[in-house]
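Visitor: Numbering (UniProt numbering), first residue to last: 1 to 505.
One should not assume that every hint holds.
In silico lysine-lysine, BS3-like type, Cα no more than 30 Å apart, as pairs [claimed, not checked]: (1) 497 <-> 160; (2) 354 <-> 160; (3) 328 <-> 110; (4) 110 <-> 326; (5) 120 <-> 497.
Just so you know, the hints here were simulated from the structure itself, not pulled from any lab data.
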Amino acid sequence: LKKEISVSVNLCKIESGIRIAVVIEWILVISIFIGAICVFNPHEGRRMDRSLCKMRADNQVRQALDDIATLISQFFEDNNYVISDIIAGLLLLVHSPHKRIPPPIESIIKNEHELPHWMKLPNCLKYASRYFEFAFAVYGWPHYVACNCACGAWYLLCKKLNCCCRKHDNRRDFMLMGDNCCSCHSSALELMLDDECTPAFVCFRNGLFEVPFAVVIDHHTNSIVIAIRGSASFMDIITDLSLDDETLDSIDVDSDPILRSDKELDGYGEIRVHKGILKSARYIYETLQTNHVIEDAQQRCPNYNIVICGHSLGAGIGSLLALFLKIKYPDIRCYAFAPPGSVISGNGIYVTEKSTLSFVLGDDVVPRMTFQSISLLKTEVERELTTTDKAKYEILIKGIFKLIVSYPFSLHRADNISTQGFANLTENNNDMRHSENIGTREERIMLRPPGNLLHLTFENQKIKDRVNVNWIDHSSLAEIQLTSSMLSDHLPYNMHKALLIAKEY
Numbered sequence: 001l002k003k004e005i006s007v008s009v010n011l012c013k014i015e016s017g018i019r020i021a022v023v024i025e026w027i028l029v030i031s032i033f034i035g036a037i038c039v040f041n042p043h044e045g046r047r048m049d050r051s052l053c054k055m056r057a058d059n060q061v062r063q064a065l066d067d068i069a070t071l072i073s074q075f076f077e078d079n080n081y082v083i084s085d086i087i088a089g090l091l092l093l094v095h096s097p098h099k100r101i102p103p104p105i106e107s108i109i110k111n112e113h114e115l116p117h118w119m120k121l122p123n124c125l126k127y128a129s130r131y132f133e134f135a136f137a138v139y140g141w142p143h144y145v146a147c148n149c150a151c152g153a154w155y156l157l158c159k160k161l162n163c164c165c166r167k168h169d170n171r172r173d174f175m176l177m178g179d180n181c182c183s184c185h186s187s188a189l190e191l192m193l194d195d196e197c198t199p200a201f202v203c204f205r206n207g208l209f210e211v212p213f214a215v216v217i218d219h220h221t222n223s224i225v226i227a228i229r230g231s232a233s234f235m236d237i238i239t240d241l242s243l244d245d246e247t248l249d250s251i252d253v254d255s256d257p258i259l260r261s262d263k264e265l266d267g268y269g270e271i272r273v274h275k276g277i278l279k280s281a282r283y284i285y286e287t288l289q290t291n292h293v294i295e296d297a298q299q300r301c302p303n304y305n306i307v308i309c310g311h312s313l314g315a316g317i318g319s320l321l322a323l324f325l326k327i328k329y330p331d332i333r334c335y336a337f338a339p340p341g342s343v344i345s346g347n348g349i350y351v352t353e354k355s356t357l358s359f360v361l362g363d364d365v366v367p368r369m370t371f372q373s374i375s376l377l378k379t380e381v382e383r384e385l386t387t388t389d390k391a392k393y394e395i396l397i398k399g400i401f402k403l404i405v406s407y408p409f410s411l412h413r414a415d416n417i418s419t420q421g422f423a424n425l426t427e428n429n430n431d432m433r434h435s436e437n438i439g440t441r442e443e444r445i446m447l448r449p450p451g452n453l454l455h456l457t458f459e460n461q462k463i464k465d466r467v468n469v470n471w472i473d474h475s476s477l478a479e480i481q482l483t484s485s486m487l488s489d490h491l492p493y494n495m496h497k498a499l500l501i502a503k504e505y
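Could you put the whole structure together from the sequences, leaning on the hints where they help?
Guide: As structure tokens, then:
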């Protein structure tokens with residue numbers, strides 16, 4: 001009887017594995033079929049141009065795409081890897097028994113007497129959870145629909161839309177720019193705000209270095225809130241990857257006339273920032289100045305604080321926008337949720353710490369993504385691909401299967417090279433190959449997330465009922481953590497949930 005039970009259990013495992021393998025194979029076959037149609041169809045190029053007509057491929061966009069292509073080609077020019085090779089290397093690295101585990105994040109003791117009063121724990125968590133609602137609302141109707149999966153919520157959104165074929169009676173008391181003909185984004189924004197909020201200016205124009213944002217008067221916190229959207233379109237991705245052609249990942253602050261006039265920035269040596277984020281912050285600053293948005297809001301509410309908030313790309317833009325505005329508004333505050341890892345160099349972090357408070361959740365990959373961390377990850381992937389003797393299809397099938405189900409598949413030989421010396425050798429060779437083109441990791445300027453850093457972690461990843469909050473140093477985010485939550489920790493929903501739980505403790 002025991003033998004029959006064990007045999008049936010083994011057969012069930014084998015049957016499940018076969019089913020998953022068949023599904024994956026069908027996905028690969030369909031992908032190859034669609035790819036062949038796209039590549040060999042002579043009219044596909046014209047059809048693709050029509051489908052991407054909204055990209056407005058002017059000279060500036062072409063130049064940005066050329067810069068991105070140059071960066072990527074120089075970064076990978078020493079090997080002939082395709083995307084499937086990189087995925088296979090990442091799977092090997094995730095499941096490797098010899099992978100180097102990054103050091104744990106250590107909390108630091110922050111002298112809160114030196115911090116502004118709005119940054120001190122635990123009050124900052126209550127305000128942060130409130131302001132994150134604005135950073136979340138500015139994402140527009142897709143996030144409203146995703147977070148309100150109910151017929152009633154969708155009915156309210158449809159009822160508020162401006163129909164193209166009929167006269168609409170809804171009149172808005174704020175200036176609206178860049179929304180579509182039905183005002184989908186602004187309608188969702190209004191529905192996600194409570195009765196204590198009054199929109200003052202909304203701009204959903206989305207182009208190269210043009211990121212949607214909204215200015216809302218919050219009577220609950222007595223604040224004029226500038227909420228900036230994160231990456232949610234192809235243009236936003238170009239902004240993320242728009243790196244300076246000379247240094248490939250930064251541009252000098254002195255190139256901007258507003259930041260050049262800030263005497264406080266001159267006292268810390270050369271400060272370099274991300275080019276795409278700087279241009280986006282400049283765009284929002286000029287839009288606010290041209291339309292006199294802050295001045296008009298202050299006339300309505302003269303004693304209100306000016307607060308900037310944003311998630312992901314919006315967090316990085318907000319931190320630099322605070323540098324623009326602090327010349328006129330020295331008490332400005334910025335709440336940066338999951339900011340990018342490459343925003344400002346070390347000489348400028350001290351300046352941003354006076355106006356920016358950043359929040360990082362768990363193993364979020366975005367605040368850890370720098371040139372140096374990606375170079376280190378690339379070196380480790382090359383090591384795994386060099387030492388493996390497995391076929392690529394076997395790595396992909398077994399590696400993906402092990403991510404879903406805990407099964408003792410072996411992707412590494414028992415006598416595989418596992419010494420750290422080989423990793424160091426590969427790293428040194430990699431640095432030598434790159435030194436002539438884009439420089440070694442040590443020679444490049446290290447860009448960091450802005451402001452003071454608060455690290456949020458769930459005590460139990462399954463239950464998620466309690467959150468630990470600690471101050472951390474910027475060096476704690478120097479390496480990418482390959483974990484199951486590295487992507488989910490960046491989602492706005494999980495960040496909002498962590499803030500709501502943290503403010504109760």
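Visitor: Would you mind confirming whether the straight-line C-alpha gap from residue 328 to residue 110 stays at or under 30 Å?
Guide: holds, 28 Å
Visitor: When you check the alpha-carbon spacing of residue 354 and residue 160, does it fall within 30 Å?
Guide: violated, 41 Å
Visitor: Assess, step by step, whether the Cα of residue 497 is no farther than 30 Å from the Cα of residue 160, and give holds or violated.
Guide: OK: residue 497 and residue 160 at ~28 Å, within 30 Å.
Visitor: Just to be careful, I want the Cα atoms of residue 120 and residue 497 compared with a cutoff of 30 Å; is the pair within it?
Guide: Between residue 120 and residue 497 the Cα gap is close to 20 Å, so the pair holds against 30 Å.
Visitor: If you draw a straight line from the CA of residue 110 to the CA of residue 326, is it 30 Å or shorter?
Guide: Satisfied, since the Cα-Cα distance of roughly 24 Å is no more than 30 Å.
Checked against the numbered hints above, the structure violates only hint 2.
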